[in-house]
Amino acid sequence: MIMRFLTNIAPVKAIAFVAFVMAPGLAATAAAQARQVPVPSGSFHSVMPEVKGEPISVDAFYMDATAVTNEMFEAFTAENKQWQPGEVPSVFANSKYLEHWNGVRPDYDKTGANRPVTHVSWFAASAYCQWSGGRLPSLNEWEYSAQLMDFDSPEEAGRFTARLMGWYSSVDTNKSAPVGSTGIETRHGVKDQFGLIMEWVQDFKPPVADGLSLDCGTVGRMQQLGNAYSYAASIRYITRMSYRPVTTTATMGFRCAYDINDKPETATAKQ
Amino acid sequence: MKILSFILLMMACVTGLSAQHHHEKDSAPGAREINSQHSLYHLDAGWADHRGDSLALSDFRGEPVIAVMFYGNCTQVCPILIQDAWRLYSMLDDSERASVNVLAITFDTENDTPERLRAYAEREQLDIPGWHFMTSRPASVRNLAMMLGVQYSGKSDGHFAHSNLITVLDKQGRVAIRVEGLNQPMDEAAGTIRSIINNGEL
Chain P
-9 MIMRFLTNIA PVKAIAFVAF VMAPGLAATA AAQARQVPVP SGSFHSVMPE
41 VKGEPISVDA FYMDATAVTN EMFEAFTAEN KQWQPGEVPS VFANSKYLEH
91 WNGVRPDYDK TGANRPVTHV SWFAASAYCQ WSGGRLPSLN EWEYSAQLMD
141 FDSPEEAGRF TARLMGWYSS VDTNKSAPVG STGIETRHGV KDQFGLIMEW
191 VQDFKPPVAD GLSLDCGTVG RMQQLGNAYS YAASIRYITR MSYRPVTTTA
241 TMGFRCAYDI NDKPETATAK Q
Chain B
449 MKILSFILLM MACVTGLSAQ HHHEKDSAPG AREINSQHSL YHLDAGWADH
499 RGDSLALSDF RGEPVIAVMF YGNCTQVCPI LIQDAWRLYS MLDDSERASV
549 NVLAITFDTE NDTPERLRAY AEREQLDIPG WHFMTSRPAS VRNLAMMLGV
599 QYSGKSDGHF AHSNLITVLD KQGRVAIRVE GLNQPMDEAA GTIRSIINNG
649 EL
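Protein chains in written order, with the numbering used here: chain P, -9 to 261; chain B, 449 to 650.
Everything labelled a hint here was simulated from the structure, so no lab data went into it. Predicted model, so just to flag it, every value in this text is computed and none were measured. Every residue, glycine too, gets a C-beta built ideally from N, C-alpha and C. Hints are not guaranteed to be accurate.
[To be verified] Footprint (simulated), chain P over chain B, 3 or more residues, beta carbon under 8 angstroms:
no. : stretch
1   : 486 to 497
2   : 541 to 551
3   : 636 to 644
[What the hints assert, rightly or not] What the simulated footprint calls covered on chain P by chain B, stretch by stretch (three residues with Cβ under 8 angstroms from a Cβ of chain B suffice, anywhere in the stretch; the number is not a length):
no. : stretch
4   : 103 to 116
5   : 124 to 133
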């Protein structure tokens, strides 16, 4: 019997090249930007119990190839003093906000300029992405992109999912590595969606049925799509739902997404 | 294989969640609650209402606010939600109503333009003083929803899955009381509004 290990298995040779395209309308300085890669439209199966059956379709969008780094986030706080450590009201972030920086500017010898910024709340992550001309990816965009992986063989896919499970059971907060260093990459060039940090998404707490509470029984009720990937996804959904938007932890960072067509404002609201 | 995976999952689940508790030392108020010591008026985004006026949330500082999030194309649940807000408002007497603002904020920033919101307000016979049907940029709407504890996500058919919640803010924009669910009793929330009004402090 052949098991379906991942929802999208394609020959690795299919990755001919990846075009890096800059999304329009960026406000941030070039130094503070990650490379953005286009993610084409498509669909995927969610593990959420209430969306059984129909795949979720996702429109094309751009996403940062790598997570936002300490150095990039410092460029943001330097321009936006209200987001510097010590300046952020507790309504936007808890007391651990950027605690690893040990001050207004990070000590890069300790924090690493190219390591993903963590200890950032959802509000801070969202503000950064708006400043950089984008937004946080939606939960569906993030999850859709994450499963666009290519493997040479079912065996390789199996080894990967085993690694994934291991990683989710023990994310090591003291062993943070630079962005782009995991070697994990989607066929569109989005790197480190696993193996480095957990990442904020726009709607990290999706509306769920009343009976769906935060316990391991819930994980058990989540859909088993016949592949090990879906188990890891279940853990991700549950963990995300346990966060509050002011939460900051050593394992939680983010990357930004961008609309393909920068639509003009529909509302006449002032900026 | 399936059983093995399930066991793996359970192990990962337990370790994952215990790690979670370890990191969330400050989670005393509970995952879904908003700490009422905090003011929503830190949000400095611009909003437009159904009259075409530009507003900031902090414009309502000094008076209690009834906040509800909805969207115009929602024909089943949202009219009940808006009626719930009306039910709360109508429990107040005339002088109390005069110092209360009702903010009905749309999730659907694409379709609910100020013009559409005006038509909605007129259709619901709620184009009345103190009521504001509001829209803003998607990110601002999401920010406000996060602060209120309203969960929503857009679906591919143009509709939204969302929580049903009515929130009363005090004069400083802090959450005073939350009423979750549809058709809930509003007496307690009305009492909260009265005590906010009668409290002389800002």
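Quick rundown of the hints versus the structure:
Beta-carbon proximity to chain P at under 8 angstroms applies to 8 residues in the stretch 486 to 497 of chain B; the threshold of 3 is reached and the given coverage holds. Check on the stretch 541 to 551 of chain B: 0 of its residues sit with their Cβ under 8 angstroms from a Cβ of chain P, so the three-residue criterion for coverage is violated. Against chain P, the stretch 636 to 644 of chain B contributes 0 residues with a C-beta closer than 8 angstroms to a partner C-beta. That does not satisfy the three-residue criterion, and the hint is violated. Evaluation of the coverage hint for the stretch 103 to 116 of chain P: fulfilled, as 3 residues show C-beta separations to chain B shorter than 8 angstroms, against a requirement of three.
Counting residues of the stretch 124 to 133 of chain P whose CB lies closer than 8 angstroms to any CB of chain B gives 4, which reaches the minimum of 3, so the coverage claim holds.
Checked against the numbered hints given earlier, this structure breaks hints 2 and 3; the rest are met.
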